[in-house]
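Residue numbers (my numbering), protein chains in the order written: chain A, 1 to 194; chain B, 1 to 243.
FYI, nobody ran anything at the bench for these hints, they're computed from the structure.
Just so it is clear, the structure is predicted and the values come from calculations on it, not from any experiment.
Glycine included, C-beta positions come from ideal geometry on N, C-alpha and C.
Incorrect hints may appear among the rest.
Unchecked claim - Reference excerpt, derived from the structure (chain B facing chain A, CB under 7 Å, subset only):
#: 1; residue: PRO47
#: 2; residue: ILE50
#: 3; residue: CYS52
#: 4; residue: GLY98
#: 5; residue: TYR109
#: 6; residue: PRO137
#: 7; residue: TYR147
#: 8; residue: HIS180
#: 9; residue: PRO195
#: 10; residue: GLY197
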Amino acid sequence: MKDAGHLFRFAGLFVVAFLVFLVVRGYVVPKTFGQYGHYRGAAMGEIAQHPVKFAGHQTCEGCHSDIADTKTKGAHAHVNCEACHGALFQNLPVPPQPKGNLYERFVALIVPPPPPTPPVLLHADDPATVTPVKPDTLVLCARCHTASAAKPKDFPQVDPTVHMGGVPCETCHNPHSPAIGSDASESPATGGAK
Amino acid sequence: MNISRRHLLILLPAAAVAWKYVEAGTPDASPNYQMSEHWWGMLINIPKCIGCGNCVRACQTENDVPDGNFRTWVERYHVTDTEMTTPEVISPDGGKEGFPVVQEDAGKYFFVPKMCNHCADSPCTQVCPVGATFISPDGVVLVDQKYCLGCGYCVQACPYGCRYLHPTKHVADKCTLCYHRITKGLTTACCEACPTGARQLADLKDPNDPIHEFLKTHPVQVLKPQMATGAKLYYFGLDGSVR
Chain A
1 MKDAGHLFRF AGLFVVAFLV FLVVRGYVVP KTFGQYGHYR GAAMGEIAQH
51 PVKFAGHQTC EGCHSDIADT KTKGAHAHVN CEACHGALFQ NLPVPPQPKG
101 NLYERFVALI VPPPPPTPPV LLHADDPATV TPVKPDTLVL CARCHTASAA
151 KPKDFPQVDP TVHMGGVPCE TCHNPHSPAI GSDASESPAT GGAK
Chain B
1 MNISRRHLLI LLPAAAVAWK YVEAGTPDAS PNYQMSEHWW GMLINIPKCI
51 GCGNCVRACQ TENDVPDGNF RTWVERYHVT DTEMTTPEVI SPDGGKEGFP
101 VVQEDAGKYF FVPKMCNHCA DSPCTQVCPV GATFISPDGV VLVDQKYCLG
151 CGYCVQACPY GCRYLHPTKH VADKCTLCYH RITKGLTTAC CEACPTGARQ
201 LADLKDPNDP IHEFLKTHPV QVLKPQMATG AKLYYFGLDG SVR
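With the sequences and hints as input, model every part of the structure.
Structure representation (structure tokens):
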């Protein structure tokens with residue numbers, strides 16, 4: 001036993017190396033790695049932080065209930081507001097990013113982080129500043145309703161050159177309830193920035 | 001060096017403290033969203049799709065998808081009775097601005113919206129060498145862009161061609177099933193913008209979701225079922241010529 005000292009010295013070295021390994025590993029492996037599986041659990045939360053740009057028709061209907069009432073009676077009942085009016089958002093300037101700790105700054109030198117996504121403001125948050133652009137019906141309506149043999153046969157289609165000859169669609173149709181004579185006078189498509 | 005009992009008693013707690021440090025750190029909890037209560041998929045009703053490209057544009061707006069890359073796109077198939085196995089497929093700019101008008105009616109035409117199938121047994125997540133892509137506990141295949149090396153293995157592995165390398169971030173990018181929306185109770189941007197209801201987000205764990213009634217009463221198919229990817233994009237009216 002008196003000659004076994006060198007073995008214990010090696011064992012001690014192994015223990016110290018193992019402890020150093022654990023501490024280094026604690027730094028380089030993200031805290032949430034392995035929480036749900038072989039990936040970083042916090043990634044899901046980060047992806048969920050992406051700004052929402054399409055507010056959803058429920059948001060629009062909160063204020064524009066008159067349009068929603070007109071829409072429910074017509075053929076466009078299931079066409080959501082933003083399908084035609086576009087997303088209700090406007091980009092805001094990117095705020096200054098936090099520098100992070102020493103390790104994160106070192107990593108950022110080697111692997112530059114992706115550019116930050118600009119925050120957004122929705123029309124619903126500030127109706128005066130963010131105004132959705134009023135769509136040009138000659139372009140908008142034609143996108144869906146231009147006749148093509150490739151489209152489903154039961155979908156209403158017209159040849160734009162023959163059907164209206166350059167007259168905007170909303171002259172005869174209320175886009176919110178498109179059948180002629182349906183509720184064309186009620187809640188016509190007005191407003192919005194031109 | 002001879003480790004006495006005294007030294008061992010000092011070393012053991014030190015190791016325990018180091019171990020605690022390694023284990024430390026609790027994840028961010030989502031307050032109103034329980035991942036275990038959802039299993040997301042989508043229903044695509046091919047006879048309803050008119051090829052307007054609204055979904056493609058909405059996806060690019062919502063998710064800042066760079067031009068020339070697509071998280072979702074629409075293909076138009078033209079199949080004649082004599083050329084069943086070699087259909088003519090077009091997708092100009094992903095169908096973003098619609099499709100050229102067809103005058104004569106020779107053979108059948110239909111539109112097939114495509115996107116990530118959010119496979120339960122996805123080949124793309126299996127090949128990732130660093131654990132940067134994964135299927136979340138609620139059934140969405142995601143990319144951890146802080147962890148991705150941009151090696152492109154997953155882009156090759158996806159049998160549906162649903163991934164691309166982001167031209168400026170240099171990491172893999174793909175459909176997130178609008179994870180930032182569905183975790184807030186909204187539907188995806190493509191479903192929100194679809195004028196005909198050809199796309200419907202489905203929560204397969206929600207017993208009240210209309211998907212269950214639809215799956216019980218309609219014939220549906222997934223793309224490339226022979227690959228056993230566990231795809232959760234259910235197509236109604238899918239033609240055999242679709243690849």
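Now the hints, each set against the structure:
A least Cβ separation of about 6 Å between PRO47 (chain B) and chain A falls short of the 7 Å threshold, and the interface hint therefore holds. Among the interface hints, the one on ILE50 (chain B) holds; its C-beta lies about 5 Å from the nearest C-beta in chain A, closer than the 7 Å criterion. Interface hint status for CYS52 (chain B): upheld, as the beta-carbon distance to the closest one in chain A is roughly 5 Å, under 7 Å. Restraint check, GLY98 (chain B) versus chain A: the minimum CB separation of about 6 Å is within 7 Å; hint holds.
Using the Cβ-Cβ criterion of 7 Å, the hint placing TYR109 (chain B) at the interface with chain A is satisfied: the shortest such distance is roughly 4 Å. For the restraint placing PRO137 (chain B) at the interface with chain A, the shortest Cβ-Cβ distance is roughly 6 Å, inside the 7 Å limit, so the hint holds. Interface hint status for TYR147 (chain B): upheld, as the beta-carbon distance to the closest one in chain A is roughly 6 Å, under 7 Å. Interface restraint check for HIS180 (chain B): the shortest CB-CB distance to chain A comes to about 4 Å, inside 7 Å, so the restraint holds.
For PRO195 (chain B), the interface hint holds, the least distance from its beta-carbon to any beta-carbon of chain A being 4 Å, beneath 7 Å. Annotation: interface hint on GLY197 (chain B) holds; nearest CB of chain A at approximately 5 Å, less than 7 Å.
When the structure is compared with the earlier hints, no violation turns up for any of them.
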